[in-house]
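Undergrad: Each step along the sequence shown adds one to the number in the working numbering, with nothing skipped, and position 241 is 241.
No wet-lab data here; the hints were simulated from the structure. Here the structure is a predicted model, which is why all the values come from computation and not from measurement. One or more hints might be untrue.
What the hints assert, rightly or not - Distance condition first, Cα-Cα at most 25 Å in a straight line; then the derived BS3-like pairs of lysine-lysine:
| no. | residue 1 | residue 2 |
| --- | --- | --- |
| 1 | K124 | K152 |
| 2 | K214 | K257 |
| 3 | K214 | K124 |
| 4 | K144 | K214 |
| 5 | K257 | K144 |
| 6 | K217 | K257 |
| 7 | K314 | K214 |
| 8 | K352 | K314 |
| 9 | K257 | K141 |
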Amino acid sequence: MLKQPIGSEPDQAKYTTQRPQLSPELSNPEVRNLVWGGRKSTHVVEGYFVCRRLRYNSQYRGIPAGSAAITSLGAASNGVIYGGTTGEQAWVLAFNPTPPFDTVSPVVELPGETSISRSLVVLKSGDVIVGTRWRDADAPKEWKGGALYRVKGSPFWADAVQEWPRGRGEFEQLAVPVAGEGIAALAFDEGRRRLYGVTDRTGQFFYYDIDSGKLQKRGNVCPAWHHSENLLITPEGIVLTTAIGGRIVRFDPEVDKLEVLESQVPTNPGRGVYARIDSHVYEPLSGLFYIGDKADGMLYTLDPRTLQTRVIGKPSDRIRIRALAAAKDGRIFGMAGGDGDIGQMFIYDPYKAGGELRNLGIPLTAVEERRYGFEYTAACTGPQGQIYFGENEREGKLWIYFPSYMSPTQMPAKTGPQAGEESGWMP
Numbered sequence: 001m002l003k004q005p006i007g008s009e010p011d012q013a014k015y016t017t018q019r020p021q022l023s024p025e026l027s028n029p030e031v032r033n034l035v036w037g038g039r040k041s042t043h044v045v046e047g048y049f050v051c052r053r054l055r056y057n058s059q060y061r062g063i064p065a066g067s068a069a070i071t072s073l074g075a076a077s078n079g080v081i082y083g084g085t086t087g088e089q090a091w092v093l094a095f096n097p098t099p100p101f102d103t104v105s106p107v108v109e110l111p112g113e114t115s116i117s118r119s120l121v122v123l124k125s126g127d128v129i130v131g132t133r134w135r136d137a138d139a140p141k142e143w144k145g146g147a148l149y150r151v152k153g154s155p156f157w158a159d160a161v162q163e164w165p166r167g168r169g170e171f172e173q174l175a176v177p178v179a180g181e182g183i184a185a186l187a188f189d190e191g192r193r194r195l196y197g198v199t200d201r202t203g204q205f206f207y208y209d210i211d212s213g214k215l216q217k218r219g220n221v222c223p224a225w226h227h228s229e230n231l232l233i234t235p236e237g238i239v240l241t242t243a244i245g246g247r248i249v250r251f252d253p254e255v256d257k258l259e260v261l262e263s264q265v266p267t268n269p270g271r272g273v274y275a276r277i278d279s280h281v282y283e284p285l286s287g288l289f290y291i292g293d294k295a296d297g298m299l300y301t302l303d304p305r306t307l308q309t310r311v312i313g314k315p316s317d318r319i320r321i322r323a324l325a326a327a328k329d330g331r332i333f334g335m336a337g338g339d340g341d342i343g344q345m346f347i348y349d350p351y352k353a354g355g356e357l358r359n360l361g362i363p364l365t366a367v368e369e370r371r372y373g374f375e376y377t378a379a380c381t382g383p384q385g386q387i388y389f390g391e392n393e394r395e396g397k398l399w400i401y402f403p404s405y406m407s408p409t410q411m412p413a414k415t416g417p418q419a420g421e422e423s424g425w426m427p
């Protein structure tokens with residue numbers, strides 16, 4: 001092992017003359033293939049990435065550095081992708097993938113707010129609801145607490161043929177659910193027109209009726225305040241999360257009851273105290289939730305009807321799975337990596353024999369700029385099958401992944417509760 005004294009310049013010759021001896025057989029293609037397993041690259045080479053800066057174009061001011069970490073994403077039915085940021089100032093942004101736009105535009109800046117994390121939902125009406133929290137643990141005394149905001153307005157003119165200025169959105173504050181506490185996660189029940197949320201410090205569970213404006217609180221999801229900062233909502237409107245020890249917490253709107261169940265999510269022995277849901281996505285073809293674990297970086301499924309779980313595997317050596325998204329054909333894509341780690345993308349293909357979990361490599365994009373992917377905290381799938389990842393960086397970008405799809409003749413039969421419905425998958 002080479003040792004370099006602190007404060008001295010390295011001798012470049014040492015790194016060429018004292019490195020381990022390599023076999024001359026490595027020049028043999030067959031031997032090289034044996035060593036590297038035929039892998040083409042360290043980077044993701046299945047499908048491809050592009051990224052978009054958080055500004056309309058060079059003529060207009062975008063979201064400034066220091067406020068551009070994307071920590072929430074959601075897709076509207078018309079294809080527009082909305083996001084929320086964390087930093088010195090919280091912003092709501094929008095990406096329109098259709099011509100003549102293919103660009104990100106700031107929608108609103110929320111004065112006095114610093115973070116929108118896992119707390120953005122898009123209504124069928126096109127309105128966006130976000131919940132805020134403070135970006136770190138030391139909120140100033142003048143901050144009243146995380147609030148719910150309704151954001152309206154389109155940042156894009158539908159008939160634009162040139163790069164004219166856009167309209168900006170409007171926002172209104174709906175409520176501050178718990179004074180002094182931020183909103184850690186939101187979920188929306190479109191049928192009941194009800195917004196569910198959980199706070200970041202003591203885990204207060206609440207719901208807000210969109211039409212009446214009434215706010216109801218239903219207590220703590222975890223008596224030890226050690227809860228997941230994710231809310232899972234089923235097509236029937238049942239809300240799930242976890243408490244300490246990986247215990248499943250369920251809210252049933254039919255009986256209006258929040259309860260901690262005996263059922264638990266998977267954990268390694270002795271790691272139950274660290275078990276939290278780090279990311280999740282509902283996959284409608286199978287009717288399952290796919291969940292990324294925050295304790296040990298495991299990927300597992302949760303059946304919302306039976307509460308049964310099944311561990312799929314560990315896609316990387318990291319202890320976190322930060323973002324998950326479901327492709328239109330039922331495959332699952334995700335990003336693993338801890339704070340400061342370079343990202344590792346993976347895929348779970350349930351249609352391969354027994355299911356196949358593979359690490360695809362390090363994200364790299366050369367369009368719109370050459371950039372390596374490190375931290376991601378949010379993901380969603382667009383109506384046409386693109387998968388969006390929010391980069392949680394000081395100068396974050398919106399990453400767009402175009403997966404390689406199977407042809408319609410290769411698509412397997414649907415197996416989930418919605419097997420008789422159209423999936424909306426577009427080849």
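Undergrad: Run every hint past the structure and note whether it holds.
TA: Right, here's what the structure says about each hint:
no. : hint         : verdict
1   : K124 to K152 : holds (12 Å)
2   : K214 to K257 : holds (17 Å)
3   : K214 to K124 : holds (20 Å)
4   : K144 to K214 : holds (19 Å)
5   : K257 to K144 : violated (28 Å)
6   : K217 to K257 : holds (11 Å)
7   : K314 to K214 : violated (42 Å)
8   : K352 to K314 : holds (17 Å)
9   : K257 to K141 : violated (33 Å)
Hints 5, 7 and 9 from the list above are not met by this structure, while the remaining hints are.
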